[in-house]
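Chain order of the listed sequences is E and D. The opening residue of the first sequence carries number 0 in numbering that gives the first Met the number 0; numbering runs sequentially from there. The opening residue of the second sequence carries number 0 in numbering that gives the first Met the number 0; numbering runs sequentially from there.
Everything labelled a hint here was simulated from the structure, so no lab data went into it. Among these hints, one or two may not hold up.
[Stated by the list, open to error] Think about it this way: if two alpha-carbon atoms lie no more than 16 Å apart in a straight line, the pair counts; the simulated EDC-like pairs of lysine to aspartate or glutamate are:
#, chain 1, residue 1, chain 2, residue 2
1, E, K58, E, E156
2, E, K71, D, E31
3, E, K134, E, E217
4, E, K250, D, E86
5, E, K250, D, D82
6, E, K137, E, D216
7, E, K250, D, D89
[Said to hold, decoys possible] If you want the ones that stay clear, here's a sample from chain E, every Cβ over 10 Å from chain D, calculated:
#, residue
8, E43
9, S51
10, G57
11, T84
12, F85
13, R86
14, D97
15, S115
16, I117
17, E125
18, S141
19, R149
20, K237
Beta carbons: idealized from backbone N, C-alpha and C, even for Gly.
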Amino acid sequence: MAQEDVSTDVKAEAAATAEQVQSKKRSAPRRKAAQAEPNAQPVEDTRTHQRSTTLLFGKYSYGVEIHDPSLKNYVNLTPIEYPMTFRRGSQKQFSKADINIIERLENSLMRGGTGSKIGGHVIRTEGRLQGKKQKVLKIIESAFDKVNERTHKNPVEVFVRALENSAPIEDTTRVRYGGIISNVAVDVSASRRLDIALRNVAIAAIVGAFKKKRKIDEALADELVLAANNDVNSYATKRKNEIERMARSAK
Amino acid sequence: MAEENQPARPHDAPQQQPRPQQPGTFNGFLAEIIEVKQKVKTGIYGEIYTVSCRILEGRDSGRIIRRNLLGPIKKGDVIRLPDTNREAKDIRVK
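The shape of chain D in the complex, shown without the other chains (with noise of 0.2 Å):
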């Protein structure tokens, strides 16, 4: 109880934690795919695409970055990020 009086530190701020939901609405933030790299599919069965996303939603909309994705996609999609402050590595496989 004691922490909650204590007031929010800056740099508390920029790691999003998940939200409590309530009905009608969702965790994480919207993000538009505009890039496909097909030839850079990556993981041990190769099921891995990288793309290039814009985001939509929250504070970073407008910025794009790189994520690395699972399942069927193709450019146009809208997909849900859990976070934004994150980029994703190379996933290297020999």
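Excised from the complex, chain E in its bound form (with noise of 0.2 Å):
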């Protein structure tokens, strides 16, 4: 009798750890999710209805609403928690619609400078930026960081924000009339007013860091803030307000 008390108590002892064991296992994950809580709620796409609690970078939801109504339709928000798809669509039309949000920044930062002069300078950055998407991603998520510090926002709806603060309702066209050159107003699609706005945000971090001593994410970072606030200072606002204003007086 004594041999099977002593054996029943090892057995209980060894439930008892296996048990503590268990739960220490089970705290861990549970004590991540409890971190993350106030962000991790499911989040429904909108094109596949398929809901899910994925965070970007593991920290920041995806459960944006989009003020806009045109902008709807182009700007995706399916959530990948590090967005670098290698997809093969290049040659469609509207297949930037299928592209998550952030790699579209991704891809518009990986650029070589600034196209055209602005501030009577062109900036070449000389391939530093060039095909290195997960340097970009890291800028990205830094940049992201420096927002949520600064306005304890969600930085994903910032970033949304100052995307339709710097769409362009409409632009200007030349039109040539027997040798007279004049511009005429026209009206700009949803696709291509996304396509500026994520281009000058892009420009103006690259331009707010080249040989100063701002990093790049700190640029980035401080563009996002000032463009979802339609703040003056801000390039891509800047530059949209003139877009349109030069529409304006071609009418």
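Two chains, two frames, a set of hints: combine them into the complex.
Pasting the structure below:
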């Protein structure tokens, strides 16, 4: 009988230790979930109608409402943790609408400077960011962290607001009447509005950091916060107002 | 300051001036593209589409007007128009 008691005790102890181990194993992921809880509500993807709790960089939620209905079809907020899909769709029209919007920012940041003159100079960065998608991904992550520190808001939301505020609604085109070239105002499609907004945000980040002490992630964070508040000092909203002013005078 | 005290003249109303922008609101009026004339691309480089679109906002909502558009478009897209009283003219290029 005594032997049986001992054996039962041992079994009980073993069971108790096993439970402790299991509870420790369980508690570790629970703690992580508790940390990310304020943002980790399931978000429904508008395209696939699947619900997921995937967060951008493991921190920020994709559950952002788009205020401008015209950009709604083109701002893609499909939840991906590290948006880097090796897609094949460059020759298809409107395949841009299927890319995650953060990945489109990466693609527009991988550029060798400003294409045209800005402030009297053409900036060439000589391949500092061209083709370096992992580097750009880290830049965006640290820029988003800085935005979150400064504004205490979801940086994905700040980014979407910045895009909405820097998308022009009218533009000009050149028309030639018998040797005289004149400008005519035309409207801008939703896809092109988003393209211009993304390009100007990326150019502002590159110009803000080139030959300056400021790092590019700080410049990008500054630009996102300014453009989201519709500030006068933001490059992207300034450029948008300039385009619209020229179009208004050419009506 | 004297101009503010005068009553608004009725013929000034159709000229829709850009309003000061508040957070969450945008200038312009929403319109939905209902027809794209693919064969009538104009402009020097053939980059301008002529479309007919139905206005969704404002006092002209429901009206169908013709506009010139820049950039990739397809039927069913929603665009923003700066004003709704102007019909697009033909852009004729030799």
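Check: Going back to the hint list, which numbers does this structure go against?
Finding: none
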